[in-house]
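Student: Input sequences plus hints: build the corresponding full structure.
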Amino acid sequence: MKKNSTVANTDLMQNITSLAKRRGFIFAGSDIYGGLANSWDYGPLGVELKNNIKQEWWRRFVQQRADVVGIDAALLMNPKVWEASGHLASFTDPLVECKTCHARLREDQLIDRTCLNCKGKDFTPTRQFNMMLKTYLGPSEESANTVYFRPETAQAMFVNFKNILDTNRPKLPFGIAQQGKAFRNEITPGNFVFRMREFEQMEIEYFVKEREWEKYFEHWLGEMKQWLKDLGVSEKKLHYVDIPDGERAHYSKRTVDIEYEYPFGQKELYGLAYRGDFDLKNHMQASGQDLRYTDTETQEKFLPHVIEPTWGVDRSVLVAMLEAYHEEDAPTAEEGESAKRVVMKFPAWLAPVKVAILPLSKKEELSKVAKPIFETLSKQFVCEYDETQSIGKRYRRQDEIGTPLCITVDFETLQDNAVTIRDRDTMKQERILVKDLAGEATKRLHV
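Using this note's numbering, you'd call the opening residue of the sequence shown number 1 and step up by one each time.
Worth flagging that the hints you see were computed from the coordinates, not collected in a lab. No experiment lies behind these values; they were computed from the predicted model shown. Accuracy of the hints is not assured; some may be wrong.
Subject to a maximum C-alpha distance of 20 Å in a straight line, what follows is the list of computed SDA-like cross-link-like pairs (lysine to any residue) [claimed, not checked]:
| no. | residue 1 | residue 2 |
| --- | --- | --- |
| 1 | 345 | 277 |
| 2 | 215 | 277 |
| 3 | 340 | 392 |
Tutor: Okay, here's the thing in structure tokens:
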């Protein structure tokens, strides 16, 4: 089938956000109350897509690696953690206020010192705005009870470093992995789920000997490149940017930002940083605990250095949807339907729904065959059962949510014990015996 020319960038984000709400991927948070600025809820399909990303990441980088272990730490930590890590002093953005419309903006995002809201050029002096979200523990809002929602998942892995050494007895190099929420009081969030105040990270702190940091930095860069390939991201839209001195985070000695060409511009997708021994050294000094690693062969004690690959879950979802979105000429279109077929060409492992079971009609004799097929396949795959509307419209819906396989149960099934299996991308249809369905689906979905 001939694919249409690339969807214009100006239309692509609108198409994705519209599809996300219409098909149940992502909804505006608190929608019935008018929403909350830049708050998003994952719907039935969105949570499956998100979970597929998180589960594959965990399988690949924790379960299948002998040198990485996982943790799941609390969102709230002792405030001394953030003092030692430098976040209380350094986790800031330059804030200015437009004197014309009073919009508060990040100074470093202004173009020609022009307000993004009203085009004014008169601003208040710059002040540093700490992005950590503050709350209080206990019955009163006293300064002694002030705590912060974590702005990153990394620090929990550093403060648990000694616990991991004591319980797991790992040898260098080894990593600690975590998935979880982080919170940043962004001045200017936006662009759908690209920049949010509440977001999710997948992160590894990989501990190495100082002399070996460059080798393992390149190793993790290669791992991240392979992940992006398997996620279905075009190499042509990726850029690996070495961040120069003066622009890196306060803890980093080398940082590579993996940037992607979004419809709204080239911006960060993932990051890879060499943190040196900054974190362990600061936490050892602040806590008074010995966080050194002991080499079992030489009995030398030292602070390991750290390579930190970081993946954003929400940005992974966004990029996966942008890459999957295709518009094609439809060979047939029912009355009232567009002549264009919208299809989300997710890699099979990533698709929120793997198989749709579609009885040709609601008649009981077909449902008696179709429902057992659903019950069998749903033990292995996320499946949908749909018996409403015409078969053509149901195919269109499954294409639009990215379902790789559709299985149609028709009246011939009652005679030959076979069903029609349809491929999402080629739309090719084949007749398969019911008894062979589980094996055929496994083969086609590569699971």
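Student: Against the structure, test the hints numbered earlier, and report the numbers of the ones violated in rising order.
Tutor: Failing hint: just 1.
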